[in-house]
Every structure is written in structure tokens, then in C-alpha cells.
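As given, the protein sequences belong to chains Z and A, one line each in that order.
Residue numbers for the first sequence follow the working numbering, beginning at 1 and rising by one.
Residue numbers for the second sequence follow the working numbering, beginning at 1 and rising by one.
Simulated from the structure, these hints should not be mistaken for laboratory data.
In this text, all values refer to a predicted model and were calculated from it rather than measured experimentally.
Incorrect hints may appear among the rest.
Across the chosen pairs, the derived CB separations fall in these ranges [claimed, not checked]:
#1 D207(A) / N360(Z): 54 to 64 Å
#2 I351(Z) / S186(A): 46 to 56 Å
#3 I373(Z) / G116(A): 52 to 62 Å
Yeah, the Cβ is synthetic: ideal placement off N, Cα and C, and Gly gets one too.
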Amino acid sequence: MKKQNMKVKIPQKPSLVPPFVASIFSAIIPGLGQILARAYSRGLIILSSFLTIGGLLAWRIYEQGRRYQDIKTMISKAFQFSPILQIITILFALLYIWIIIDAYFTAKKSNTGSRSYGTGLIFFVLAVFFLLGWQIGDINVGDFFSQADTALPTIGRLMWPWEKAIDRPEEILTISADVLSPCQEEEIPIVEALEDEAYISISPTCGNPTEVDGTPGTEFTIVGGNFNKDVEIEIWWKDPNGNEFRQRQEGEYVKVMPDADGNFQVKIVMPYRIISSTIADENKIWEIQARQLLSVGEAQLSEEFTLAVEKMIETIIIGMMATLFGVVLSIPISFLAAKNLMSENFLTKAIYYIVRTILNVIRSIEPLIWAIIATIVVGLGPFAGIIALTVHSIAALAKMYSEAIEGIDEGPIEAIQATGANWLQTIVYAVIPQIIPPFVSFTIYRWDINIRMSTVIGFVGGGGIGFLLQQWIRLLDYRAAGIAVWFIAITVMILDYASAEIREKYN
Amino acid sequence: MLKINNLTKIYDDGTVALKNVSFTVTDGEFLVIIGLSGSGKSTLLRCINRLIEPTEGKISWNGKDITHIKGEELRCYRREIGMIFQHFNLVRRSSVLKNVMAGRLGYAKTMQSLFGKFSEEDKEKALHVIDRLEIEEQIHKRADELSGGQQQRVGIARALMQDPKMILADEPVASLDPVLAHSILSNLEKLNQEDKMTVICSLHYLDLVQRYATRVIGLREGVIVYEGTKKDIKAMTDTQFKEIYGQEAERVGGGLEGTIA
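Pulled out of the complex, with its shape left as it was, chain A reads as follows (with noise of 0.2 Å):
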């Protein structure tokens, strides 16, 4: 379980992306976050697993205070958070096995990960998660040769090396293209729903997050607008959506039972 209490960042610069945000995850969701660009998810995302160091508040996950954690206790807390990202974040160079392996990191042994060793188990376990996402035919092409959409399941495969128990999602689907949305996005559905991970996944598409979402959070401008469950976002009104993406917005179709007005 994730523990959000009265998290706040301000960067260097003094922009405050994020303002007293407070909310629990329990194991087992899918959690989306929605919002504006700049509305603060890709800082609250960052921020669960400490890529950017929160200003004020905390986090604790499983009844555990990570806020402040360093070293190698910081490590085994992130290797059991999988990230995946928007424009995938692979190194274009290398293989998609090594891109895959390097999700293992975390665990392997300094030295001989340098040299590029891991362990068998390791590269059964590569293998494996290949295998899952489809992409075994790839394996040995360099990740800059692949789509978008198999770029992604890289990303996702190096995730799930980590045998995470969580998995955020920073706009994984914006770089894609409607069919290949829906083909990640279940992707991540099946993990959610077979391996038990909680998913927190920010999005842009009201469709997308009514069909996957257990659970819906609106950020604006970095507090939290909108709380939501499957049930409220099909019934979500005008002035609710207004709340969350501002006044001039309009809302387009989407399939959305909410009134229009």
C-alpha cells in the first residue's frame, strides 16, 4: 500500500508542481492520473519512487517511510517500483535483450553487471518476459529499429525484470497511436489483473481511462481536483471536467454518461 500525505515539490527555479497532495493506493489498483500537461503527474510519478526529491510531505509504502531513504535502501525500494515511460526511455543503441537485462540491475552484483553478466536465472527470466510481451522476434535488433508500440513492450519487459509489485506508468500510450494505446494499456491490465501489481498510469484520453481505470485522481496545477472511481468518471459532469482540464476545455464525446451541457 502507497501512502501520499501532504505532498509537496517546488523546484529550484520556484515553479510549486505539486501542493499538499494526499491520497492512499491500495495493492491491487489501477490507478489513473489525469490532467493538463504540466498539471504535475510526470512530478508525482516521479516523486513515489524518488527519481525527484519531494519538497515537504511523505511517502510510505507498506507501512514503511521512503521519503528519506538513501543508498542501497533506496535501491531495493525502486527495484520494486517498475517504470515505464512516454517516449520509452531505452538506450537507442543497444539491443532489446540488453535494454531488457538492464531492468535486473537492482539486483545484480556491481561488478559483473559492468561486464554485462547475469545471472542464468536472470536471462531465463529475460527470456521469459520476452516472450510474454510478444516481442521475441526482436530480440537481438537494436531498440531504435523497432516501433513505437515494441519500444513500449521493451519498456514494459525491463519493468517487469524488476519483479515489481507497483508499476508507474508516465503517459505510456501519448507517443502512440490509438490501436497500439489499447494493445499497452491491456498489457498493463493483464498485470494488474493476473500478476496483482498495482498501476498507477497517467493519461490523456477520458475513453482509455474509463476503460482501464479502477480508481481516477485530477490534478491541476498540482492539487488534486477530482477523486473518482470507474463508476464516477462515466458520470462525470461538465463542471467536474472543467474543474480538472479549465474553463475554456470542451469535452468531446468520449462516451461519457455525464451531462453535456
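For reference, chain Z alone in the conformation it holds in the complex (with noise of 0.2 Å):
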């Protein structure tokens, strides 16, 4: 009776050490207060808190003033640089003196039997955690608006790159008077307007180059008539050396747009250039130029679009191909990793635990990587991406499908067991009834991955308009670029509509 009556009444076991030495004890290492007060796991908890907050806290600072050998200077530095460090810090500091103080109560509690569960405690640890984390990830909400004048053109390309999907064929008409330079005794005459034809007539017809000094060259003026209306026009300069180039003037090309009768006037200054000494003494006749940018001929799909639309059919056959891979390939191993097949003896235990453990490897090795490797045995290309994504759909599939086939009702198996049935035959008619509808739906749903992968794939090798996104990306061809994000985005949210569409029917 009494042995009873111990055994309901188990006191909690009072802490080893006073409130005030507790609190002495987490002064010199936070949490071991807690841990003397028989608060194990909160003392450990809190040890390791402290120690990761403290140990972050201190490569952040030696990160930031790193350059300084003096640690005072050092800390003042990283304060400098990094203000949130300084917050952080006080922080880590309130820390200290609450572990203490919560080693007082927690060893005051272990003595009267109540113990709170220091959520306040939790909360404050993960505060300072984020805040560490905000520091680490270097996040600055400032980049978005500071960086958005240059940013936001771009943006606009990548986000409306329709302008390159079409292409006309185009013409450049290019009319050229000549001038002399410098000024000769035998002059060029000067051109006379034409009726119905372009023509350019400059004047003077002779002048100098600015100089290397900067003193400006002879002023020409240009006067043109009958040019395309509505169309800008460059104005070029040919050298004696056969060189063209384009006016500038006051740091901008010079462009003008001819009136509504296609004449125009312009005013511009002649450069300065470095023609080699030999020509110069046997040339000396220097040609302008006004060009006009004409597109002639229908409309056309751009090469860009056109490619685009090559490689994203090459993307959809990576993802098509990689999931046909996948299930013809997986099917057979989920059998082998299913633990309601494979419970029969010793051998199909190991065989299970095998097979398991290296579907699990594969997969938690990402399609990018497996590419990678793919592209070192079968070089760059699609092949390499199909083998990437059939290797990582082997592993996610075999794993769903084996799963699929540990949720099936027990019930049919014992009846077709039963009926005098062998194994293969249990598998056929009981097993695979049951597992086709899941099987489907995992099948579409892993469908789906494998195009989203693909559109990517290309980025390290494994082709598909990845490949073509990275290269458009890198040669800062953003419109290009857009016109590829673009139909990664369409493909994408049809293959979704069509996958939860088919999947619904499944379920």
C-alpha cells in the first residue's frame, strides 16, 4: 500500500543548486544554471543558442572590419559599416542577463514542481537569429529603388520582348558628298539640289579636322532633300583611310528627322581623327554621309523567335522523354523498395533497405547537378539532360510509386492468396488494380516537374531553351531573353492547367 501510494506521488526532484547560485552558474556558461536546476533540455537549448548567436555574431564582426588587427578598432569599424550589428550585439547582451535571470526562476520552479516553457525566451532567441540572418543575407530594401533607373529598362525588355519576334528585311540608302580637308586650291563645287531623287549638298566643301587640343574644326552644313519622311537620319563620315564612323556631337550621335517634304538641315562640326601620314598626303578627300534605315519587304518572324521556338520543342521533348525514361525504368525498382513486398525474409529486407537508401541518395542530389555530370559522360546537349532528368525521376518516382504500393488494401492480396495464386499472379490482380490511379497522377505529376526542370537544364549544359536563355542573358540581349522567359512562362501554365486536369480525374 505505502509502495503504492510512493509511486503516485513522485515529487519533482528539487534543483541540485540554490536560485542564486543557479544564476551564478549561467553567468559563467548561459544555460548551465538551467541544466544544475534539472532543466536539461532548456539548459542545453539555451547553451546552444547562446553559443550559435555568439559565434555568428563574432565572424560577422571579424568579416566586417577584418582589415583592422587592433580588436577594438576592429568592432568599432564593423559597427561602422554595419549598423545592425550594434543592434544586434545590445541583443546578444539582454540575452546574457536574462539567461541569468531565468536560471533564478527556472531553479526557484524545479523546487515548488511549476515550470513554464520560456516561450518568451524562444521568441527572443529567434528574434535575434532573424536579425543575424538579416546581417548575414546582407538584405538592403534601398538596392530596389536606388538601382531602379537602370534596372527598370531592362525589366521592361525582358518583361515586353515582343519587338524582336518580328523582323523586317532592311535597306540602308546611304547618299555621300565629298569635302576636302584641309582646303586645296582646286575646289569641289558644291552639290546642287536634285528634283526627285535624295541628295545631300554641304557647305563649305573644304575645312579642318578639329585638333588633338580640342580646337574645333570647320563648321559644315548639311542640307538634304527627297529622303523618306518619318525616317531619322545618321549622319556618317568616310576618312581618306576608307574608315566610316559616326558623328558625334557633344558626346551624342548625330540624328535628324527630315520634315514632312523629307529635306532637312544640320550643323556639324568636323572631327578629330588620326589618318596615317602616307594617306594623307595622297587623299585628302573625305566623304559625308546621311544614311536612312528603310525596311523593305513583308514582315517576318525574327531568327530569335524562331529559335525560341525550336528549343522550347526540344525542352518539352527532354521533359516528354526524361518521364517515359522515369517510369519505364522506375516501375520495376518501386516494387523493390515497397516494405509491404519485400518484408518476406532477410534477403528482400536488405534488398528493401538497399534499394531505399540509394533512391534516396539520387534524389537528394538536384537534376542541375546530375546534369552536370551527364554533360562531362555525353557532353552538352539534350542528351545530357534527358539522362539527368530520367536519373532524378527514377529516384522521385520509384519512391512515390513504392509508397502508392504500401498504401494498397491488404484485403484483395490475402483473397487472391487464397485462391491458390502465385506471387506474380497476387501482383497482377490484386496489386495492380490497386496502384494504377496513383500511379497515374504521380506520373503526370512528376510530367510536369520534368518540363519546369527542363526549361532550366539548358543553364548548365543540358539544352533546351535554358541553353539559348543563359546565352541571350550573358550577351545582355534581354529582349531575346524576354522572348524565351516568355514561352517558359506559357508552357509552364498550360502544363499546369493540364496536369491538374488529369490528375483530378485520377483522384
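Starting from two chains that each stand alone, build the complex the way the hints lay out.
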């Protein structure tokens, strides 16, 4: 009777040390006081979070001020570069004090038998942790606004790239007139205005280029007529060396829009130009050109657009082929990875664990990394992408399939076995009919994932539209990149819808 | 004739499901096993067709020890014994016909059966059996579209495809209403009386036991605590009842002739 009584009334074990002493211990090693108060897990959590935060904080201070040998300057410079570190340091000190106070109350409560969960402390630790995360992550919301000016036009091109989707065959209309430099006795006559043909007339017809010291060259007045209206005219030079270059004035290219009759007038200063002396002696004729970029003929889809379409098709094919191979190869493996089928004896259990482990390892490696490995083996191109996605699909599908197999109703299996059916017959008659619906559902889901993945697998050389996208981004051709992004988005949206619809039917 | 000697089943987790169970079933009997849930009825039935491996003891079928047979021999033994279940254990997404044909798997050639090919005789047999159980209208429906009573008839049809000499029925009417329960049990009775099949059936309701059984065995915690004929059940005393169902159990009517204390 007495024994029973003892059993019912287990008093909470009292703290090993009085509250005050617990505080002192926690002041020496944070959390030790709590451990001595028999709040073991609380003490360990406090100790580990204190050490983690302290370690991270020290690392960040060192990172910011590592150029300074002296610790004091290191800390003050770190605080200067990253003011958030000051707040974290203050909070860290507060945490230290809190832990000491907490040790006192934990020891006191251990003696009375009640204990709190320390929710406040946990939230405090989390807050400090995320503040550190803010600092380590180099989060700077201001960047959004300070760099908006340069980023917005680029983003605009990415978001609405369709100007690049259409190409018009172009032709350049070039009308030129000669000038002499320096002036000589023989003069070039001023070109007369023509009736129905484009012309330019320049005056004077000779002059000097801008000097190297900045003394401005001769100012020419160019008058033109009979140009195509509403098309900008660019002014170009052809120097005696035969090199062509555009006229700049105050840093900008000179452009002029002709009036409604196709006439224009513009003044330019002859620019500075190094001319090889032998040529300068023989040939002193320069050419001024007025150019108009004219589109002729029908509009057609641009090269970028057709390339994007081709690569998008390739992308979808990569996803489809990987899914096909993945399904075919993962089905037999999934049976080996299903616990309920493989718990017959020691050997089958061993196979089960080996297969499961291999699948988990393969699955934990991302398809992008598989693609890099595949490109080493088979080289760049869609085949590498197919291999990478197939490997990952096998692992993912085999796991999902085997879980579907594990989730099947045992009843029909028992019933089919009772008829005298053998193992293979039991699988075909009792297992397969039960697993087809989840299998279809998982397969569609995987197909969806594979096509999404195949859009980026090209970034590492796995073929498909990712390859193009990466190239265009590197070439800063954001319009072309935008076309690729649009194709990916459209494809994934259609896919999303289709896969949801199909899976709905099989659930 | 089925002979069971000192059958004991201890599960891996240490649960003793059957303890030294011995009894004999002569051909043509309708043996009913009664007892609470967890008393070992299901384990006993599954030991008979070796869906569960007995730990100790001996089971012999028509003079042959089948306790340890394996492979082809086990399959040939199993196909002589049909089994029906409380939850019917049909493949829910397969058609009635496919479920019924599955009963023939023990006889079929493996390769052909894997592709759903069965001999003409088997197909005719299936149609005959389906006819007999009055489910011919459901033949192409999916099993899960049928009512409980119809599903259990499909279960019986599947068992009949085996040309069984004996039928094991594990609480075949526990999921059905009383009217359907009678209808299913009278199907079994017909098989017992007209086709001379031995039936071993576990049941919960004593009125059903009294109506259909030719002999009764009462199990409690894996031990046989009662054995009696049809007549004996009617005369079952309260003490006997409590021995099977426990001290707290109370008898409620059921048209029994035994004295109620």
C-alpha cells in the first residue's frame, strides 16, 4: 500500500543548487544554471543557441572589420560599416542577462514543482537569430529603389520583348558628298539640289578637323532633300583611310528627322581623327554620308523567335523523354522499394534497405547537378538533360510508386492468395489494379516537374531553351531573353492546368 | 476431413492468438465459430488455409499433413478451399467478372492469366456461377459500384470458381444488414446442403448461429471454451454463454431455450 502511494506521488526532483547559485553558474556558462536546476533540455537549448548566436556575431564582426589588427578598432569599424551589428550586440547582451535571470527562476520553480516553457525566451532567441540573418543575407531594401533607374528599362525589355519577335528585311539608303581637308586650290563644287532623287549638299566643301588640343574644326552645313519622311537620318563620315564612323556632337550621335517633304538641314563640326600620314599626303578627300535605315518587304518572324520556338520544342521533348524513361525504369524498382512486398525474409529486407538508400541519395542530388555530371559523360546537349532528368525521375518516382504500393489494401491480396494464386498472379490481380490510379497521378505530376526542370537544365549545358536563355542574358540581349522567358511561362502555365485536370480525374 | 491438433499461434509481437486448439471437421458440416472480437476466430480460419503460419500444432486435410507444405503443393491445397471475408476483399476498381475470374487463378497457367486470358470452360463456369448468385446484371460494373450484399455475392462467386471442397467464411455478414445477412448465409447453406461443401464460418449473432450451424465452437482468448451441436446451442446456459463472451456479457433474447438467470 505504501509502495503504491510512493509511486503515485513522485515529487518533482528539486534543483541541485539554490536559485542564486544557478544564476551564477549561468553567468559563467549560459545554460549551466538551468541544467543544474534539472531543466536539462532547456539548459542545453539555451547553451547551444547562445553559442550559435555568439559565434555568428563574432564571425560577422570579424568579416566586416578584418582589415584592422586591433580588436577594438575592428569592432568599432564593423559597427560603423554595419549598424545592425550594434543592435544585435545589444540584444545579445540582453539575452545573456535574460539567461541569468531565467536560471534563477527555473531553479526556484524546480523546487516548487511548476515550470514554464520559456516561450518568451524562444521568441527572443529567434528574433536575434533572424536579425543576424538579415545582416548575413546582406539584405538591403534600399537597393530596390536606388538601382531602379538602370534596372527598369532592362526589366521592361524582358517583360515585353515582342519587338524582337518580328523582323523586317532592311536596306540602308546612303547619300554621300565629298569634302577636302585641308582646303586646297582646286575646290569641290557644291552639289546642286536634285528634283526627284535624294541628295545632300555641303557647304563649305573643305575644312579642317578638330585639333588634338580641342580647337574646333570647320563647321559644315548639310542640307538634304528628297529623303524618306519619318525615318531618322544618321550622319556618318568616311575618312581618307576608308574607315566609316558616326558623327558625334557633344557626346551624342547626330540624328535628324526630315520634314514632311523629306528635307533636312544640320550643322556639324568636323571631328578629330588620326589619319596615317602617307595617306594624308595622297588623298585628302573625306566623305560625309547621310544614312537612312529603311525596311523593305514583308515583316517576318525574327531569328530569335524561331530559335526560341525550336528550343522550346526541344525542352518539352527532353521533359517527355525523361518522364518516359523514368516511368519505365522506376516501376520495377518501386516494387523492390515497397516495404510490404519486401518483408518476406532477410534477403528481401536487405534489398529493400539498399534500394531505399540508393534512391534517397540519388533524389537528394538536384537534377541540375546530375546534368553537369551527364555533360561530362555525353557532352553538352539535350541528351545530357534527358539523362539528368531521367536519373532524378527514377529516384523520385520509385519512391512515390513504392509508397502507393505500401498504401494498398491488404484485403484483396489475401483473397487472391487464398485462391491459390502464385506471387506473380497476386501482383497482377490484387496489387496492380489498386496502384494504377496513384501511379497515373504521380506520373503526370512528375511530367509536370520534368518539363519545368528542362527549361533550366540548359543553364548547365543540358540542352533546351535554358541554353538560349542563359546565352542571351550573358549577351545582355534582354529582349531575346524575354522571349524565352515568355515561352517558358506560357508552357508551364498550360502544363500546370493540364496536369491538374488529368490528376483530378484519377483521384 | 479437416483435423486440427494442438494448434498454437503466437504473433511476432508476443500476442497469443490461439492456444492448443484441437478439433475435427467432418465433410458436409456447417461449423460455426463464435467468440468476441480478438478471440482468435480470424487467425484460426487463416491458419487453416495457411494465410497465417501456425506456430505449433498440426493441420491435416483428408489425411494429409499440410502444416508445412510450400509452393505448388500449397497452391493446390489452397485452391480446394474457398474463402470469403467480412470486407469482401474485392479489387474495388476491377469489374465483377474480373474479380470472379480471379478465383480461377490457382488452376490457370501463369503466363496466360497474367494477360487476363482464361480458358473457355473457365469463362463458362464464371457465367454459370454469376448466374447462380444472381449478379448477372452487375457483371461489367466495377466492384465498388455494387451494394454490400452484391459485393459479398461476388466474393462467394470468386470462391466457387475454385471448385472448393470447403469454404472458410470470416464473419461474412458482419458488414451487412440482417436481411442481407440471412440471404448470404442461405447462399452458404445451399452450397453446404446441395453441393456438399464443408463450411467453416465465424459469426457474431446467436440467432444466425442457431439457424444455420450444424455444430458450434466457442473461442475465448484463443482457447476452445465451448463445443456443441445445433441442439446444444438452443440449450446453451447462461454460464456457458458467459464463458464464451465474458462475465460482463448479457444475453438479449435471440429465441434461445437456455435459462436466463
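Between I373(Z) and G116(A), is the Cβ distance one that fits in 52 to 62 Å?
-> violated (42 Å)
Check the following: the C-beta atoms of I351(Z) and S186(A) are separated by a distance inside 46 to 56 Å.
-> holds (49 Å)
Outcome of range test on Cβ distance (D207(A), N360(Z); 54 to 64 Å) = holds (56 Å)
This entry does not satisfy hint 3, going by the numbered hints stated previously; all others are met.
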